[in-house]
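Top to bottom, those sequences are chains U and V. Mapping of the first sequence onto the working numbering: residues 1 to 182, in sequence order. Mapping of the second sequence onto the working numbering: residues 183 to 522, in sequence order.
Please keep in mind that the hints were generated in silico from the structure rather than gathered at the bench. None of the values given here were measured: they were computed from a predicted structure. Heads up, the beta-carbon is just placed ideally off N, CA and C, and yes, glycines get one too. Any given hint could be a false lead.
To be verified - Beta-carbon label-pair distances, calculated as ranges:
#1 U:G125 with V:D331: 18 to 28 Å
#2 U:E168 with V:T335: 25 to 35 Å
#3 V:K220 with U:Q155: 35 to 45 Å
#4 V:N432 with U:D76: 48 to 58 Å
#5 V:R382 with U:S89: 37 to 47 Å
#6 V:G364 with U:R43: 23 to 33 Å
#7 V:E400 with U:H35: 50 to 60 Å
#8 V:G334 with U:E28: 37 to 47 Å
#9 V:G464 with U:H35: 49 to 59 Å
#10 V:G464 with U:R43: 37 to 47 Å
#11 V:A422 with U:D76: 52 to 62 Å
#12 U:M1 with V:T239: 46 to 56 Å
#13 V:T474 with U:G32: 36 to 46 Å
#14 U:I169 with V:R382: 45 to 55 Å
Stated by the list, open to error - In silico lysine-lysine, DSSO-like type, Cα no more than 30 Å apart, as pairs:
#15 U:K171 with V:K209
#16 U:K171 with U:K34
#17 V:K283 with V:K221
#18 V:K220 with U:K34
#19 V:K221 with U:K128
#20 U:K128 with V:K209
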Amino acid sequence: MRIVEKAQLMSAAEIDRTLQRLAHEIVEKSGGTKHLALIGIVRRGVPLAQRIAQAMRGIDGVDVPVGILDITLYRDDLSKVAPQAVLRSSNVPFGVDNMDLVLVDDVLYTGRTIRAAMNGIFDLGRPKRVRLCVLIDRGHREMPIEAQYTGRNVQTSDTEIIEVRLREIDKEERVMLVDRLE
Amino acid sequence: MTYRFRDLLALEPLTADELRFLLDQSKPFQEIQKHPLKKLATLRGKTVALAFFENSTRTRISFGTAAARLGADTMNLQAEASSIKKGETLLDTAFNLNAMKPDCLVMRHSASGAADYVARHLDIPVVNAGDGTHEHPSQGLLDALTIRDRLGTVENLNVTILGDIRHSRVARSNIHLLGKFGCRFTLCGPSIWVPRELERIAPGVPIRCVYKMEEALENAHVVIMLRVQTERLNDPPLSANDYILLYQLNAERLRHAHRDAIVLHPGPINRGIEITPDVADGPRSCVLEQVTNGVAVRMAILYLLISGASESGTHPALEAKAAPSEAAKGKPKESANAGD
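Take the sequences, apply the hints, and build the full model.
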């Protein structure tokens, strides 16, 4: 199998601008930020959530806590895709009861990750509201799940992959559309 | 990194990296112990067979709790109420349990090597929950996890182990794990329980046997107590009072240890025999943290072994496993993971 890069969807500057916009949208639509908190989904949702929180600090000094959630244990495909998936630590340093949570992830695809994340969240307590923010929505949903805040919608075929590279994890910063050729 | 074995039978064959991986993988499960809702569905539909041919309360409940919190079901075999009393062999019992199609077997047995022997004849992961005087790997891991949480590291520590070390599988698992991280060991107790040949059980690991308690505790970072099996106190002609006089861990003696020293005990504790209540309940004691961490470590073990084995037959450890051996001849071979 060969991986071929077909197009660059976002540059570093575009990612940055998009996150700024998403931060503004979330603050604007939240009706108060007192109970607002972000939950980054491991792995690339975590730096995205941290950057959105950073951007919110620039908006009237809104200080929003950020939690980290690893959904591996909540997946519905144990052993089918990745046997012995390596667990990473979750860290949600605040009580989620009655909080206004925004889940943050890089790519929304089948919706199964978000389904798993909601199971994880509800093991921690009962939030007042849960919304979803993603950098890229590439379609092909298998669950009744939609994002309230989307960086960009991208039409994809199911052999294509969206590659999000973030400097915190990948030492480079861009979003690519790549294809798997058999 | 993944765990490369199908089973968890002993810590001795594992490398420092593999041991660190097991400790790291226990961390997410430690967090789950703090959740208001502790039950996951990760191993839903899987079954863990718990076969305790030797009595155990804590370890059996700990593995049972770990399985339950992962969403797995358990089947329980306890020696007293089972067909072992009616003369069934260990292997026959194991084949019968396996015929009920569990996804993993957790077993304890009074014979050293029993888990290894059973594992060679089954095609599901086997976890050794203590075999004779050989090893108790999950206890070794939970002790190391507790030490790492309290002291920030498991590397280059002075570890003193006190009590009946000759008969202790816990001591062996501790030495095989912590020894790979550069820890130095001092073993102490009545000489019949601490024979000098123990200094050579882990090649390359500095181990010394000392018979005076104050000397053994000198500058210790970690003090691991073992339960004194009071029924064995008559074996060396030593009265409980003499034992207390010579080897009881009390606050006075603990002053010889490093000022940040911690005290571990695998339980059950004989208060007033090997340890005084003020030490057992004091700020250095990690006894209850060990119990909490035990569930996390066992969740990690069950998760890794069962999720690894579900790759029906392609798990590398399966191929490394010996083909059906002599002792298995004539026995029907159960197919692995029939549920997949």
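Now the hints, each set against the structure:
{"no.": "1", "hint": "U:G125 with V:D331: 18 to 28 Å", "result": "24 Å, holds"}
{"no.": "2", "hint": "U:E168 with V:T335: 25 to 35 Å", "result": "26 Å, holds"}
{"no.": "3", "hint": "V:K220 with U:Q155: 35 to 45 Å", "result": "42 Å, holds"}
{"no.": "4", "hint": "V:N432 with U:D76: 48 to 58 Å", "result": "54 Å, holds"}
{"no.": "5", "hint": "V:R382 with U:S89: 37 to 47 Å", "result": "39 Å, holds"}
{"no.": "6", "hint": "V:G364 with U:R43: 23 to 33 Å", "result": "32 Å, holds"}
{"no.": "7", "hint": "V:E400 with U:H35: 50 to 60 Å", "result": "54 Å, holds"}
{"no.": "8", "hint": "V:G334 with U:E28: 37 to 47 Å", "result": "44 Å, holds"}
{"no.": "9", "hint": "V:G464 with U:H35: 49 to 59 Å", "result": "41 Å, violated"}
{"no.": "10", "hint": "V:G464 with U:R43: 37 to 47 Å", "result": "41 Å, holds"}
{"no.": "11", "hint": "V:A422 with U:D76: 52 to 62 Å", "result": "56 Å, holds"}
{"no.": "12", "hint": "U:M1 with V:T239: 46 to 56 Å", "result": "52 Å, holds"}
{"no.": "13", "hint": "V:T474 with U:G32: 36 to 46 Å", "result": "38 Å, holds"}
{"no.": "14", "hint": "U:I169 with V:R382: 45 to 55 Å", "result": "47 Å, holds"}
{"no.": "15", "hint": "U:K171 with V:K209", "result": "27 Å, holds"}
{"no.": "16", "hint": "U:K171 with U:K34", "result": "34 Å, violated"}
{"no.": "17", "hint": "V:K283 with V:K221", "result": "23 Å, holds"}
{"no.": "18", "hint": "V:K220 with U:K34", "result": "28 Å, holds"}
{"no.": "19", "hint": "V:K221 with U:K128", "result": "22 Å, holds"}
{"no.": "20", "hint": "U:K128 with V:K209", "result": "28 Å, holds"}
In the structure shown, a violation is registered for the earlier hints numbered 9, 16, in ascending order.
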